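Next come the chains, spelled out residue by residue.
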Amino acid sequence: TLMIVFLISSLVLYIISLMLTTELTHTSTMDAQEVETVWTILPAVILILIALPSLRILYMMDEITTPTLTLKTMGHQWYWSYEYTDYENLCFDSYMTPPLELDPGELRLLEVDNRVVLPTEMSIRMLISSEDVLHSWTVPSLGVKTDAIPGRLNQATLMTSRPGIYYGQCSEICGA
Amino acid sequence: GAESQKPPPGKWWTPPFDPRFPNQNQTRNCYQNFLDYHRCQKTMKRRGKSAQPCEYYFRVYHSLCPISWVQRWNDQIKEGTFAGKI
Numbered sequence: 001t002l003m004i005v006f007l008i009s010s011l012v013l014y015i016i017s018l019m020l021t022t023e024l025t026h027t028s029t030m031d032a033q034e035v036e037t038v039w040t041i042l043p044a045v046i047l048i049l050i051a052l053p054s055l056r057i058l059y060m061m062d063e064i065t066t067p068t069l070t071l072k073t074m075g076h077q078w079y080w081s082y083e084y085t086d087y088e089n090l091c092f093d094s095y096m097t098p099p100l101e102l103d104p105g106e107l108r109l110l111e112v113d114n115r116v117v118l119p120t121e122m123s124i125r126m127l128i129s130s131e132d133v134l135h136s137w138t139v140p141s142l143g144v145k146t147d148a149i150p151g152r153l154n155q156a157t158l159m160t161s162r163p164g165i166y167y168g169q170c171s172e173i174c175g176a
Numbered sequence: 001g002a003e004s005q006k007p008p009p010g011k012w013w014t015p016p017f018d019p020r021f022p023n024q025n026q027t028r029n030c031y032q033n034f035l036d037y038h039r040c041q042k043t044m045k046r047r048g049k050s051a052q053p054c055e056y057y058f059r060v061y062h063s064l065c066p067i068s069w070v071q072r073w074n075d076q077i078k079e080g081t082f083a084g085k086i
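Protein sequences, first through last, are from chains R and U.
101 is the number that the numbering used here gives to position 101 of the first sequence; each next residue is one higher, with no gaps.
55 is the number that the numbering used here gives to position 55 of the second sequence; each next residue is one higher, with no gaps.
Simulated from the structure, these hints should not be mistaken for laboratory data.
Hints are supplied without guarantee of correctness; some may be wrong.
Far from chain U, by Cβ distances over 10 Å, these chain R residues were calculated [as the list claims (entries may be wrong)]:
| id | residue |
| --- | --- |
| 1 | LEU11 |
| 2 | LEU18 |
| 3 | GLN33 |
| 4 | LEU42 |
| 5 | CYS91 |
| 6 | ARG108 |
| 7 | VAL133 |
| 8 | SER171 |
| 9 | CYS174 |
Here are some, though not all, of the chain R residues that point toward chain U, as calculated from beta-carbon distances under 7 Å [said to hold, decoys possible]:
| id | residue |
| --- | --- |
| 10 | ILE64 |
| 11 | THR66 |
| 12 | THR68 |
| 13 | LEU69 |
| 14 | LYS72 |
| 15 | MET74 |
| 16 | THR85 |
| 17 | ASP86 |
| 18 | ARG152 |
| 19 | GLN155 |
Please read all numbers here as calculations on a predicted model, not as lab measurements.
Ideal Cβ positions, reconstructed from N, Cα and C, are used throughout, including at glycine.
Let the sequences and hints guide you as you build the complete structure.
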C-alpha cells in the first residue's frame, strides 16, 4: 500500500512542477459565461428531479394505514413461529426444509415445512419479536426487513399486490 | 378478479392504528392494553357492572401480544408476581 502512496504522490508532484515551470502563457481574456450558466443550472435541475420523487417515497414509507390483519412472528433458534390471533389462536412453527429432504425443483435453504399464508391486496400488520436471541425477519421481494428483538415488539406493514410465493432468510447472526 | 374476493369492510377486524403508539416499537401498545383489560375487569367487578366494555382491550392485546408473553403474564398474575399495577 505504501508503494501505491509513493507512486501517486510522486506523480502528482511531477505534474505540479510541470505546471509551475513553463514559459507558455495565455493572455487573451476568456469568456465562458454561457457554458458556465448551463453547467450550473442543468445539474441543479437534474438534482431536483431526483430529489422530489425520492422525498415522496421517503414519506410514503411512513404512511399510516389501517391494517386488515395482524400476523405475529417470533424468532427462535432456528425457526420462526407464526401466530394469527385476530380471531382464534392459530399458531405454528416454520422450519427450513433440510437440503436432503427437498423435492426436485424446490429452492435450497429457502423452502419451509409450513408456509405463511396471507391475503393479497390487503395491508397486513406484522409484529416481529424473538424468544431467545436477535433474529431478523425479511422478505426482500416485499420490501420488508425488521429485527426480531427479545422483549420488544417491532411493527412492519406488508402488502402483496399479486399472488405468489415469496422467500426470505433470517437476516441477523443468531448463534451456532 | 381479486377485487370481488375482498370481504366487505368491517367484516375483518384487527386493532386499529393507536396514535398513542405511532412508531415501530409496539411493545407498550400490547402491554398497555393488557393492563387496561385487567384494570377494567377489576373496576367493573368492584362496581358490580358487566365487564362487556372491557372486551375491546381484550381483543386488542390478544391480537397484538405474543402468546408466550400473555401466558407468562397470566402465570405471574396467578402467582402474585406480576410487576404491573392492576
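Consistency of the hints with the structure:
1. The claim that R:LEU11 lies off the interface holds: its Cβ sits roughly 51 Å from the closest Cβ of chain U, which is beyond the 10 Å cut-off.
2. With a least beta-carbon separation of about 58 Å from chain U, R:LEU18 lies farther than 10 Å from that chain, consistent with its non-interface assignment.
3. With a least beta-carbon separation of about 52 Å from chain U, R:GLN33 lies farther than 10 Å from that chain, consistent with its non-interface assignment.
4. Every CB of chain U lies more than 10 Å from the CB of R:LEU42, the least distance being 40 Å, so the non-interface label holds.
5. Distance check on R:CYS91: its Cβ comes as close as 6 Å (rounded) to a Cβ of chain U, failing to clear the 10 Å threshold; non-interface status is violated.
6. Annotated as non-interface, R:ARG108 keeps its C-beta farther than 10 Å from every C-beta of chain U; the closest such distance is 30 Å.
7. The Cβ of R:VAL133 lies farther than 10 Å from every Cβ of chain U, with a closest approach of about 15 Å, so its non-interface assignment holds.
8. Non-interface call for R:SER171 relative to chain U: holds, since the shortest CB-CB distance, roughly 16 Å, exceeds 10 Å.
9. Once the 10 Å rule is applied to beta carbons, R:CYS174 is consistent with being away from chain U; the minimum gap is 17 Å.
10. Here the hint on R:ILE64 is kept, as its CB sits about 5 Å from the closest CB of chain U, short of 7 Å.
11. A distance limit of 7 Å between C-beta atoms decides the matter here; for R:THR66 the minimum to chain U is near 5 Å, and the interface restraint holds.
12. Evaluation of the R:THR68 hint against chain U yields a held restraint, the C-beta minimum of about 5 Å falling below 7 Å.
13. The criterion of a C-beta within 7 Å of any C-beta in chain U is met by R:LEU69, whose closest approach is roughly 5 Å, and the hint holds.
14. The beta carbon of R:LYS72 comes within 6 Å of a beta carbon in chain U, closer than 7 Å, and the hint placing it at the interface holds.
15. With a cut of 7 Å, the hint placing R:MET74 at the interface with chain U holds, because the nearest CB-to-CB distance is about 6 Å.
16. For the restraint placing R:THR85 at the interface with chain U, the shortest Cβ-Cβ distance is roughly 6 Å, inside the 7 Å limit, so the hint holds.
17. Taking 7 Å as the C-beta contact cut-off toward chain U, the hint placing R:ASP86 at the interface holds, the least distance being around 5 Å.
18. At a threshold of 7 Å, the smallest CB-CB gap from R:ARG152 to chain U is about 5 Å, leaving the interface hint in force.
19. Interface hint status for R:GLN155: upheld, as the beta-carbon distance to the closest one in chain U is roughly 5 Å, under 7 Å.
Going through the hint list in order, the structure does not satisfy hint 5, though it satisfies all others.
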